[in-house]
Amino acid sequence: MSLVARHLEANGLPTVILGSARDIVEYCGVPRFYYVDFPLGNPCGKPGDRVMQQAIVQQAVALFESATHSRTTVRAPFEWSEDQSWRDKYARVDDSNRDSLRHKGELRRQQQAQAKTAGDARSPMID
Amino acid sequence: MKSASSKRYDIDYMERTRLYYRAMGYETDYQWAHFESVPFTVPARPVRESRLAVITTAMASDADASQRQLAAYPSNPIPASLLTDHLSWDKDNTHTRDVPSFLPLEQINRLVEEGFVGSPGPRFYCLPTEYSKRTTMKEDAPGVLELCRQDRVDLALLVPL
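Read top to bottom, the protein sequences are chains A and B.
Position one of the first sequence corresponds to residue 41 (the working numbering), numbered consecutively onward.
Position one of the second sequence corresponds to residue -6 (the working numbering), numbered consecutively onward.
Since the hints were derived computationally from the structure, they do not count as laboratory data.
Quick caveat, the model's predicted, so the values are computed rather than measured.
There's no promise every hint is true.
As the list claims (entries may be wrong) - Here are some, though not all, of the chain A residues that point toward chain B, as calculated from beta-carbon distances under 10 Å:
id, residue
1, Leu43
2, Asp63
3, Val65
4, Arg72
5, Leu80
6, Asp89
7, Val97
8, Gln98
9, Phe104
10, His109
11, Ser110
12, Val114
13, Phe118
14, Asp128
15, Ala155
16, Thr157
Unchecked claim - Listed next, the in silico SDA-like pairs over lysine to any residue satisfying Cα-Cα at most 25 Å (straight line):
id, chain 1, residue 1, chain 2, residue 2
17, B, Lys126, A, Glu146
18, B, Lys126, B, Thr34
19, B, Lys126, A, Thr113
Note that the Cβ used here is the ideal one computed from N, Cα and C, for glycine as well.
Pulled out of the complex, with its shape left as it was, chain A reads as follows (with noise of 0.2 Å):
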């Protein structure tokens, strides 16, 4: 999606990513980034939440006059929760899982290489 935004913005058409994985799209560049630090999957609030979601989308749209030149990251005032174990969870590797990942890591590699085999170049990133 970074790329994306910055060959839309390369192009003239404005762009702000609204998202919540901050290193990557950081890392990447990009012209205006609203950045909410949730769960990856809600990058638009928290389900139900139709208050939050709402001042969500109308403070990331504000980005595209208020940002007055290109890497302007913005924060989203809101907390997923205040148990913050969640942080910790996401992909996480130990000994309760290395041997299943082990597993599932021999298992991807042969559906790619039979997807390539049929032609299907394209794959996903962590699934």
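Assemble chain B onto chain A, guided by the hints.
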């Protein structure tokens, strides 16, 4: 000292992903795109007079997840569900059954009603996350630009899950 569950920090997604892939037996780390310079375009007109398009990494609910490609769908009516299983969102901690939590069409309609945004894009665009930077730059990014031009869009809101 605070326990781990109360510690607030920005997740290092690149490092987490590197370690996850290594654990899956991949020997070469993924290289994320990185640029020194960043383009910037000042909007040609106020947001309240602009047409705003939405781009998501989700796919249509009846799409084939194995066929990951750019697609455009009408913004009205808003879909009741979208396909997100192919994406690496945090399946342990949340869910994607509430469409406005990741596709902001309902919110944008309200911003239009309130006079904050000129109009919604007639279509929203689905662009599943693509591993290959080359494919993104050669096919997907020009494809999205073309859709935006067809729909006479002034501004684009990109919302990756």
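Status of the hints after comparison with the structure:
1. Below 10 Å, beta-carbon pairs count as interface contacts, and Leu43/A has one with chain B at about 5 Å; its hint therefore holds.
2. Interface restraint check: Asp63/A against chain B, minimum CB-CB distance 5 Å, threshold 10 Å, status holds.
3. Contact between Val65/A and chain B, as hinted, is supported at the beta carbon level, the nearest pair being about 8 Å apart and thus within 10 Å.
4. Against a cut-off of 10 Å between C-beta atoms, the interface hint on Arg72/A holds, since the closest Cβ of chain B lies about 9 Å away.
5. Annotation: interface hint on Leu80/A holds; nearest CB of chain B at approximately 4 Å, less than 10 Å.
6. Below 10 Å, beta-carbon pairs count as interface contacts, and Asp89/A has one with chain B at about 8 Å; its hint therefore holds.
7. With a least beta-carbon distance of about 4 Å to chain B, the hint placing Val97/A at the interface is held under the 10 Å criterion.
8. The interface hint given for Gln98/A is met, as the beta carbon of that residue sits about 6 Å from the closest beta carbon of chain B, less than 10 Å.
9. Because the closest C-beta pair between Phe104/A and chain B is about 5 Å apart, less than 10 Å, the hint holds.
10. Hint status for His109/A: holds, given a least beta-carbon distance of 6 Å to chain B, under 10 Å.
11. Interface hint at Ser110/A: satisfied, since its Cβ lies 4 Å from the closest Cβ of chain B, which is below the 10 Å cut-off.
12. Contact between Val114/A and chain B, as hinted, is not supported at the beta carbon level, the nearest pair being about 14 Å apart and thus beyond 10 Å.
13. Restraint check, Phe118/A versus chain B: the minimum CB separation of about 12 Å is more than 10 Å; hint violated.
14. Interface hint at Asp128/A: satisfied, since its Cβ lies 6 Å from the closest Cβ of chain B, which is below the 10 Å cut-off.
15. Given hint, Ala155/A at the interface with chain B, holds; its Cβ is 8 Å from that chain's nearest Cβ, closer than 10 Å.
16. Look at Thr157/A: its Cβ only gets to about 14 Å from chain B, farther than 10 Å, so that hint breaks.
17. This hinted pair checks out: Lys126/B and Glu146/A have alpha carbons roughly 24 Å apart, not beyond 25 Å.
18. Simply put, Lys126/B and Thr34/B have alpha-carbon atoms about 23 Å apart, close enough for the 25 Å limit, and the pair holds.
19. A threshold of 25 Å between alpha carbons decides the hint, and for Lys126/B with Thr113/A the separation of about 23 Å falls inside it, so the pair holds.
In this structure, the earlier hints numbered 12, 13, 16 are contradicted, and the remaining ones agree with it.
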